[in-house]
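Undergrad: Chain B: place on chain A using the hints.
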Amino acid sequence: MRYLIEHETVLEYPQTVREHHIELRLAPRSDRRQNVLSCSITTEPAAELSHYLDYFGNRVDYFCVIPPHSRLVTFLKSEVETMQENPFSFEAVPPGEELQWLHQAVRATPSLNDYILHRSLVTPTSMKLAEAISTALPRWQRERPLLDSLLELMAWASGQLEYRSGSTEVHGSLVAAVRQGNGVCQDFAHLFITVARAWGVPARYVMGYLNPGVSAEEALTTHAWAEALVPGAGWVGFDVTHNLLSNDHHVAVAVGRDSYDAAPQRGSFKGDTAGTQPTVTVTMQEQ
Amino acid sequence: MNHTGMLGSKTRTPYHEFYADDFTPRDHYHLLWDHIKATGNNALEAKAHEAQLALRAEGVTFTVYGDGDGDEGIERIWPFDLIPRIITAPEWTKIESGLKQRVQALNLFLGDLYGEQRIIKDGVIPPELIYQGRDFRREIVGIVPPRGIYTHISGIDIIRDEKGEFLILEDNLRTPSGVSYMIENRVIERRILPEFFNKYRVRRVEHYPSLLLAAMRSLSPRGKDNAEIVVLTPGIYNSAYFEHTFLAKEMGVELAEGRDMVTINDIVYLKTTSGLKRVDVIYRRIDDDFLDPLVFRSDSSLGIAGVINAWRKGNVAIVNAPGSGIADDKAVYPYMPDIIRYYLGQQPILNNVPTYQMTNVKDREYVFDNMERMVIKAVSESGGYGMLMGPSSTPALRKEFVDLVLENPRNYIAQPVVYLSRHTCYMDGELEARHLDLRPFVIYGEEIEVVPGGLTRVALRKGSLVVNSSQGGGSKDTWVLAD
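Protein chains in written order, with this note's numbering: chain A, 1 to 287; chain B, 1 to 483.
Hints listed in this document are in silico derivations from the structure and should not be mistaken for laboratory results. Keep in mind that this is a model prediction, so the values were computed, not measured. There's no promise every hint is true.
If you want a taste of the chain A side facing chain B, the calculated C-beta under 7 Å gives, among others [claimed, not checked]:
(1) 19
(2) 21
(3) 48
(4) 55
(5) 66
(6) 70
(7) 110
(8) 114
(9) 117
(10) 268
Pairs of lysine-lysine residues, derived as DSS-like cross-links and limited to a Cα-Cα distance of at most 30 Å, are as follows [said to hold, decoys possible]:
(11) B/277 - A/270
(12) B/271 - A/270
(13) B/121 - B/313
(14) B/362 - A/128
(15) B/313 - A/128
(16) B/313 - B/163
(17) B/121 - A/77
(18) B/100 - B/249
(19) A/270 - B/313
(20) B/100 - B/199
Ideal placement from N, C-alpha and C gives every residue a C-beta, glycine not left out.
So that you can see chain A by itself, here it is in the shape it has in the complex (with noise of 0.2 Å):
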């Protein structure tokens, strides 16, 4: 699938503001799924962007303002081609061997011990997100396929959870939205994370674009799902909000330990005023 992605982002302050400077990621990555045909960022005031590649390799954009200002816009405006794949054609690995796999996985590359370590508001402890639910968390049945107790976990996370725009803050905590019974993408996303953490099995967090053809959200801004890395497979994207497999539906951006490490949007500036909620418009058309 081909698209036109479309991410304003406006800022607006009931008093000036001076040496702002912002961090972008927005710039959707490229990997054997996609592929960016083109990708600009612009500005309003004007500034001079420039980039770099975080820990978790993401592309951030930064740039700042520095005279005062009372609006501030950014715009990205990119192609991506999305890639059809079957998500189940990979070598597996035996279910005895999957879990040796992942050790050396993660002993090669030890940064991979973020995804299984990491504890935050929104990706708890599984014993206090155990606190919250009624009945037993899922377990990944060894005898089995990992993927297939994967699969059962974005099932059952998805049943968790009642899909209601605008229910949870950004970065709220994930047992508040559990024990509300609704919650956003992100929601779900960090509760297929927590569990598969509690497994032994890295995962981490998405932010990107879905094709509002096929999502079930409202209103059209960035979406967010999980990914599990799998044995054999690598890394594997779970839409727990649609209880799907990521596909060319799907535009990723940035990835993270949770939510807070994937947003678009980070900044920081002067002034004598609180900060303010953005105004963000994304359209994304099949091209």
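TA: Frame of chain A, contents of chain B only:
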């Protein structure tokens, strides 16, 4: 860890720096002792008074914080004991080589952690240690600081055990403080005991600011002759503010707060009355958490937004480098002997204090069974905070620490109480023994240099083993002899 034999009998005698076992002064203290005997208590009292006046006149102060929230602290005159602590040339040779070895290993370790992580891949240290460490800074992974140096300034705490062996107690690699007091102690001591400095051939420490300045110049991206250097302070309420102003003044560089600086397109500037001035080196006296609100804590108003990106580009040097704190995490400390062997292929010259890891169930149970003889420390605290001193603890406090440790074992370590060496002090008209430690300062510029001396901290309360100035400790001038 082997549990047998680590805790001796309860009646261990601390090493006395001044007196030998037969209660005669050690050789290197004879000269001083003869003088004290000859002049008597009245002369000592007069000297002590003179020192007090001088400290007051110089405005040598520090700030003590209580338990209250929002407490702004109380400013006190720096407590100074006039009887110097003397370290012989052979003793110093060992300390100096041990510290150089340690600082070299620490910097190789940091470069590896933020780079390839060979030490984890080779299984020498467990990954949890790093990935669950509060001070492992993912934001700087892959950035190589100038010449691979992270800790341009280390303040490494050394104690002396019952046998007189020098042991390393803590590596302080974030923003170690105390060096201004090392120098002020020397200034005062020179004034009140001038005749001894020649008789004893005491090595100089007053050149510390020029050593630091040279080390910082060597990091300047625009070359050492064009180095604009700034001391970044969190402000007047910081307990070490005296030291920040002292060092800025001694080095002849600007003292600034975060709000006095701005990053524009990856260049850091100081705002001056005559416009923006480019900054090359930042000697920051604020923690990583507060250094850059764009990448670390976004609620920090103490730092400089964008400074990490400027550092990544090599446009500014930060002293000490961000991320250094993971290497002095107290949970990493027990691995230091292995870290030295791994990177240098050498045996440690100075040993660690034996340490129990609370993540290890056997260690933990042993510590719980012997809490009266243990010190339990929170791994990312310093300054004597978050610590249980077994011998002086109450059952209620011990119970509290058992719960704290069980809740988060990674966050605690324990050590058998080491009876720090003692030294004669002049206390309210009497000569009395008090426990002490030593914090020498190591500068890593063109090469690694240890300033011959350090801050000797004294536990002012009789029998107390807590020397931190924030916990009521005092200090002495430290004389390292040339021969």
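Undergrad: If a hint holds in the structure, say so; if it does not, say that too.
TA: Hints and how they fare:
1. 19: 5 Å, holds
2. 21: 4 Å, holds
3. 48: 6 Å, holds
4. 55: 4 Å, holds
5. 66: With a minimum Cβ separation of about 6 Å from chain B (threshold 7 Å), the hint on residue 66 of chain A holds.
6. 70: Since the shortest Cβ distance to chain B is 18 Å, the answer is violated.
7. 110: With a minimum Cβ separation of about 4 Å from chain B (threshold 7 Å), the hint on residue 110 of chain A holds.
8. 114: 6 Å, holds
9. 117: 5 Å, holds
10. 268: With a minimum Cβ separation of about 4 Å from chain B (threshold 7 Å), the hint on residue 268 of chain A holds.
11. B/277 - A/270: Within the cut-off at roughly 20 Å; holds.
12. B/271 - A/270: 15 Å, holds
13. B/121 - B/313: 28 Å, holds
14. B/362 - A/128: 26 Å, holds
15. B/313 - A/128: 42 Å, violated
16. B/313 - B/163: 50 Å, violated
17. B/121 - A/77: 41 Å, violated
18. B/100 - B/249: 28 Å, holds
19. A/270 - B/313: 23 Å, holds
20. B/100 - B/199: Holds, because 29 Å separates the two Cα atoms, which is no more than 30 Å.
Consistency note: the structure conflicts with the earlier hints numbered 6, 15, 16 and 17.
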